[in-house]
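Student: Each chain is listed here by its residues.
Number of protein chains: 2
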Amino acid sequence: MPKSVLFDRDEVIRNVTDLFWEKGYNGTSMQDLVDATGLNRSSIYNTFGDKFQLFNESLKYYKNFQNDLIDKARSSSKSPKAAIEKLFNGVWEEMNSTSEKGCYLSNCATELSNTDPRIFNFLSKNKEAVVKSFKLLIEDAQKLGEINSNKKAEVLANYLFSSLQGLRVTSMIDRDKEHIKGISQLILQSL
Amino acid sequence: MPKSVLFDRDEVIRNVTDLFWEKGYNGTSMQDLVDATGLNRSSIYNTFGDKFQLFNESLKYYKNFQNDLIDKARSSSKSPKAAIEKLFNGVWEEMNSTSEKGCYLSNCATELSNTDPRIFNFLSKNKEAVVKSFKLLIEDAQKLGEINSNKKAEVLANYLFSSLQGLRVTSMIDRDKEHIKGISQLILQSL
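Which chain is which? The protein sequence lines are R and C, in order.
Here the first sequence is numbered in our numbering, starting from 819 and rising by one per residue.
Here the second sequence is numbered in our numbering, starting from 819 and rising by one per residue.
These are calculated hints, taken from the structure and not from any lab test.
Treat the hints loosely; a few may be bogus.
Pairs count within a copy or across copies, as identical chains cannot be separated in the list.
Stated by the list, open to error - No more than 25 Å apart at the CA atoms, straight line, and that leaves these computed lysine-lysine pairs for DSS-like:
1. Lys953 <-> Lys995
2. Lys841 <-> Lys919
3. Lys961 <-> Lys878
4. Lys950 <-> Lys995
5. Lys878 <-> Lys919
6. Lys878 <-> Lys899
7. Lys943 <-> Lys999
8. Lys841 <-> Lys961
9. Lys896 <-> Lys943
Please take these sequences and the hints and turn them into a complete structure.
Tutor: Quick look at the structure:
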């Protein structure tokens, strides 16, 4: 009878996501994955396939985590504009003064989207989904008069997506919370 | 007498920069560097030191290239606001529909700034230099009345830095020029 391997699949994916987020895809070795998961190589290969497939699982996991974050901000606030503000203020409020990992999907975009069409397609679709969520929030806010309707919701949604990427990248190389807060406030003033 | 190796140092650095920009630091192997430069391993080691030192040379080269771009935009225009607009419009005007490498230094930030203090320090100082250049342009524009003085030049300069990072990352996963143009226009409207 083959030795059965028991482990929490979700926990493994969470650990693997943290690792790829910290070191990047190319900077993560198979040994790093073994160390982070506590699984041996054959268990990893048998359960998840190769390194890329495991990485792909982590992308899907983070995508769901990110979408949940937007949905929660939306459902937890009566004001759609306040929900948007909460997402942006979260960047500087939760900044770590000693290290900052940025956004996992932005990091993957800059590392891999230009050389791997699978990653480009995944991130391109994710961008569309996030822009769609922002667009719904903006349209709700425009209906309530919280955001001026003289700018198109879709253009504003694309702007928010881009601005959030910039804020996350900037927070990786400038750990002064006041700088990040100031940028965030200017972004939100455009609404 | 040892065999002498003749090559154009600047050309090697340019080729190496393109390679690291395309594949990332960890995604670039020593063999890739040999192929891109036409030099053998021992010539690379003897001339530049290890892979990291060669990478470091490429960062300095790109930093100078980027600073020249800002200086040229500044000196080629009588209007400091137009100089800023030229830099942002350049992102969508020069977009390549089939692939987009983003900004070399943003890509390095997301790949390495969190794990390598040398890269963090280099990029952090580069950010300060770019923000300083933006600040000078904004102050000039405020003196001329092109940009409203009710916002602090330094906050606006940080905002422009962050927005440019976001625009470059977004252009890697959304190759629709109209989207990138729309975002760029909204960024510039904040001035």
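Student: For every hint, state whether the structure bears it out.
Tutor: Going through the hints against the structure:
no., hint, verdict
1, Lys953 <-> Lys995, "between (28 Å within a copy, 19 Å between copies)"
2, Lys841 <-> Lys919, "both (9 Å within a copy, 20 Å between copies)"
3, Lys961 <-> Lys878, "neither (33 Å within a copy, 50 Å between copies)"
4, Lys950 <-> Lys995, "between (29 Å within a copy, 18 Å between copies)"
5, Lys878 <-> Lys919, "both (18 Å within a copy, 23 Å between copies)"
6, Lys878 <-> Lys899, "neither (27 Å within a copy, 42 Å between copies)"
7, Lys943 <-> Lys999, "between (29 Å within a copy, 20 Å between copies)"
8, Lys841 <-> Lys961, "neither (43 Å within a copy, 45 Å between copies)"
9, Lys896 <-> Lys943, "neither (28 Å within a copy, 42 Å between copies)"
Violated hints, listed in ascending order, are 3, 6, 8, 9; each of the other numbered hints is respected by the structure.
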